[in-house]
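Peer 1: Listed here are the chains, written in short residue letters.
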Amino acid sequence: MELKMTTLPPPHGGNLVDRVVRDPERGKKLAAGCSAVYDIKPTLYKDMPVRNVYREIMSICYGFFSPVEGSMTSAELESLLEKRRLLSGWVFPYPMLFDISKEDHKKLGVTSGDRLLLRLKGQPFAILDIEEVYEINPGEVATRTFGTPEANPEVVKVPFDFKHPGFTIYSAFNPIILAGKYRIINEPKLRKPFDRFWYPPAKSREEFKKRGWTTVIAHQTRNVPHVGHEALMRNAAFIGDIKPCDGIIVNAIIGAKRIGDYPDEAIVEAHEMVNLAGYVNPKRHLVTMCLWDMRYGNPIESLLHGIIRQNMGVSYHMFGRDHAALGPYYDMYAAQILWEKGIPSFGFEAPPYAVPQGLYMRPQNMAEFWYCPHCGEVTYSENCTHKDELQRFSGSFIRSLLAEGVFPPPVIMRREVYQIVLKWWKEFGYPFNNKRYLTEREKELEVDLPPMEIPKFK
Amino acid sequence: MNYLAVLLDSKRISDIKGSPLESKVTDMFGGAIKALIIEVPENLAGKIIENLPGARLDARFFIEEAPIAFKRALFEKIKTMKSIGAEVIDAVLTDLPKIKELAAKESESLPIPDVDISEALGLQKKAA
Chain A
1 MELKMTTLPP PHGGNLVDRV VRDPERGKKL AAGCSAVYDI KPTLYKDMPV
51 RNVYREIMSI CYGFFSPVEG SMTSAELESL LEKRRLLSGW VFPYPMLFDI
101 SKEDHKKLGV TSGDRLLLRL KGQPFAILDI EEVYEINPGE VATRTFGTPE
151 ANPEVVKVPF DFKHPGFTIY SAFNPIILAG KYRIINEPKL RKPFDRFWYP
201 PAKSREEFKK RGWTTVIAHQ TRNVPHVGHE ALMRNAAFIG DIKPCDGIIV
251 NAIIGAKRIG DYPDEAIVEA HEMVNLAGYV NPKRHLVTMC LWDMRYGNPI
301 ESLLHGIIRQ NMGVSYHMFG RDHAALGPYY DMYAAQILWE KGIPSFGFEA
351 PPYAVPQGLY MRPQNMAEFW YCPHCGEVTY SENCTHKDEL QRFSGSFIRS
401 LLAEGVFPPP VIMRREVYQI VLKWWKEFGY PFNNKRYLTE REKELEVDLP
451 PMEIPKFK
Chain B
459 MNYLAVLLDS KRISDIKGSP LESKVTDMFG GAIKALIIEV PENLAGKIIE
509 NLPGARLDAR FFIEEAPIAF KRALFEKIKT MKSIGAEVID AVLTDLPKIK
559 ELAAKESESL PIPDVDISEA LGLQKKAA
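If you read the sequences in order, they're chains A and B.
Here this note's numbering is used: position 125 in the first sequence is 125, and no number is missing along the way.
Adding 458 to a residue's 1-based position in the second sequence gives its number in this note's numbering.
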């Protein structure tokens, strides 16, 4: 029996999607064949940006969401909502849709067979080859995406509402869907500091090979790391083959966030500081990112995380309590339940790695790391029995500490990591991710587009 | 039951020195942080979260990220009433309009801690 893992896992669906035209001349030619142009707009809820479809287009075209290649048809959407499978049979969790208003549809006058030019920040960005135009009921899509206590009693505890960001995103969709494949025709340049964390699947696989990594574990993040996160990463990485994992990747989800969360710039740089300051050797630690407006869908989101990271070449993924969760909607262990035994009502009679056309990547369901004064260290909850003395880590608690001007002690946060938080506090102000930051960020986005001249459209 | 931790820096610790509150100080993270922990009944927790921007319940059932104006007013009530019972929450909530007014200005008025960040910047520069 071969115990050593010698290759990276295959991409989800068999092949990595690459729908990026890197030759500007070819891009221009494709743009010239378009019948209409549409300026991408953010999805708004109460005048605040909650999503920008450009992030989905980037993640699809660069292969993070392989095998998805575009905005889903009505049949694909139905298949996905019914059983979390694409029409090809591959597991996939979320609807990926290009939505526009009825007024915009009327103005554009496009239909199936047309090619639509998508402009971002005033420049040509991508094309959409329209296969189908159909109408959705956004509220119904939102409800079916996340589930209900009646339909998904295993894990959904209370009905979703507008306090849930993911439910809000889908509910705020426009009703007209243009389905079809995307192609980026004008390759965007990632802005600083995001550029150095941009490892699309083909590049991350190349990087892993260069580093000689065949066993890699992923850590999902939307937070600045505290010492508990660090302990989680280091300990979870002890899984591997005949030795612990070669590499640990942190993959930050970059996109619209809630007021009060840390700015994305602080999140990626603070994780990087964990290796720059030597707490985890940079030779086995890599910080990366994926563009996605987080839906906070706990088990559903964990599936997407699995797909993104498997596509990047990751063999293992850490899933904790309340994974990508918010509020009381899901069982706090819903993601771990999915990866341990499946959730039949969501189409998983078995865990996602044990169903046909499921994932190859393996879960690492982790309990908690807490600080135990009795042990005098950060310890794993399944080891430590000093339940009356433990101190749980809490991102909210740490943000409260920072706001009150309390220097976080080293048992909570590394001083170098704290300094990075201050760096971005100086830049963007407080509270973190304030209204001004969210609005301005949505204008600037994470990318710039080179100028590209194209024919004039009506 | 929900909870609220009122953090104690050296100034606050000296403010409660000699009072019955001194014996109620809790060590957090092995004594690295000192705090007064208040038990907050569900109805009062709901009122705080509903009325104060940013306030949320974390996985430990602690109310966190309440505006600093609220935390300051709460500490003053604790000091005056020499209690960490639910009555201090009741008392501070009577000042809600004033607290909300101060909280609204926090985004402009909260000072950035005066901490030297050159160590982290140096590490970034070295890696670039």
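Calculated from the structure, these hints are not laboratory results.
Here a beta-carbon is modelled for each residue, glycine too, at the ideal position from N, C-alpha and C.
Heads up, a few of these hints could be off.
[To be verified] No more than 30 Å apart at the CA atoms, straight line, and that leaves these computed lysine-lysine pairs for DSSO-like:
#1 A:Lys210 <-> A:Lys41
#2 B:Lys529 <-> A:Lys210
#3 A:Lys423 <-> A:Lys435
#4 B:Lys529 <-> A:Lys387
#5 B:Lys558 <-> A:Lys426
#6 A:Lys46 <-> B:Lys584
#7 B:Lys583 <-> A:Lys192
#8 B:Lys583 <-> A:Lys189
#9 A:Lys435 <-> B:Lys505
#10 B:Lys558 <-> A:Lys435
#11 A:Lys423 <-> B:Lys583
#12 A:Lys192 <-> A:Lys387
#13 A:Lys102 <-> A:Lys456
#14 A:Lys181 <-> A:Lys29
#15 A:Lys423 <-> B:Lys584
[As the list claims (entries may be wrong)] Here are the simulated distance ranges between beta carbons:
#16 B:Ile570 <-> A:Glu444: 18 to 26 Å
#17 A:Cys375 <-> B:Lys505: 49 to 57 Å
#18 A:Ser74 <-> B:Glu534: 57 to 65 Å
#19 A:Lys387 <-> B:Lys584: 41 to 49 Å
#20 B:Val483 <-> A:Phe407: 15 to 23 Å
#21 A:Glu444 <-> B:Tyr461: 21 to 29 Å
[Stated by the list, open to error] Residues from chain A shown here face chain B by an in silico Cβ test under 10 Å; the list is partial:
#22 Pro10
#23 Leu87
#24 Gly89
#25 Trp90
#26 Arg321
#27 Asp388
#28 Arg399
#29 Ser400
#30 Pro410
#31 Arg415
#32 Gln419
#33 Trp425
Peer 1: Determine for every hint whether it applies to the structure shown.
Peer 2: Tested hints:
1. A:Lys210 <-> A:Lys41: Given pair Lys210 of chain A, Lys41 of chain A is violated - Cα atoms ~39 Å apart, limit 30 Å.
2. B:Lys529 <-> A:Lys210: Status violated; Cα separation ~51 Å.
3. A:Lys423 <-> A:Lys435: holds, 19 Å
4. B:Lys529 <-> A:Lys387: holds, 28 Å
5. B:Lys558 <-> A:Lys426: Holds, because 24 Å separates the two Cα atoms, which is no more than 30 Å.
6. A:Lys46 <-> B:Lys584: violated, 44 Å
7. B:Lys583 <-> A:Lys192: holds, 14 Å
8. B:Lys583 <-> A:Lys189: Holds - the C-alpha atoms of Lys189 of chain A and Lys583 of chain B are around 22 Å apart, at most 30 Å.
9. A:Lys435 <-> B:Lys505: Given that 30 Å is the threshold and the Cα spacing comes to 23 Å, the pair holds.
10. B:Lys558 <-> A:Lys435: holds, 17 Å
11. A:Lys423 <-> B:Lys583: With Cα atoms ~14 Å apart, Lys423 of chain A and Lys583 of chain B stay inside 30 Å; holds.
12. A:Lys192 <-> A:Lys387: At roughly 44 Å apart (the allowed maximum being 30 Å), Lys387 of chain A and Lys192 of chain A break the hint.
13. A:Lys102 <-> A:Lys456: holds, 23 Å
14. A:Lys181 <-> A:Lys29: Holds, at roughly 17 Å.
15. A:Lys423 <-> B:Lys584: At roughly 17 Å apart (the allowed maximum being 30 Å), Lys584 of chain B and Lys423 of chain A satisfy the hint.
16. B:Ile570 <-> A:Glu444: 18 to 26 Å: holds, 22 Å
17. A:Cys375 <-> B:Lys505: 49 to 57 Å: Violated: the Cβ-Cβ distance is about 38 Å, outside 49 to 57 Å.
18. A:Ser74 <-> B:Glu534: 57 to 65 Å: holds, 60 Å
19. A:Lys387 <-> B:Lys584: 41 to 49 Å: holds, 43 Å
20. B:Val483 <-> A:Phe407: 15 to 23 Å: holds, 19 Å
21. A:Glu444 <-> B:Tyr461: 21 to 29 Å: For Tyr461 of chain B against Glu444 of chain A, whose Cβ atoms are near 39 Å apart, the range 21 to 29 Å is violated.
22. Pro10: Status violated, d = 33 Å.
23. Leu87: violated, 38 Å
24. Gly89: violated, 37 Å
25. Trp90: Not OK, violated: Trp90 of chain A not within 10 Å of chain B, min 33 Å.
26. Arg321: holds, 7 Å
27. Asp388: violated, 12 Å
28. Arg399: The hint holds - Arg399 of chain A has a Cβ within 10 Å of chain B, the shortest such distance being about 6 Å.
29. Ser400: Given a least distance of 5 Å, the restraint on Ser400 of chain A holds.
30. Pro410: Holds. Min distance 8 Å.
31. Arg415: At about 7 Å, which falls below the 10 Å cut-off, the nearest Cβ of chain B leaves the hint on Arg415 of chain A intact, so it holds.
32. Gln419: holds, 4 Å
33. Trp425: This interface hint holds because 5 Å falls under the 10 Å limit.
Comparing the model with each earlier hint shows violations of hints 1, 2, 6, 12, 17, 21, 22, 23, 24, 25, 27; every other hint is respected.
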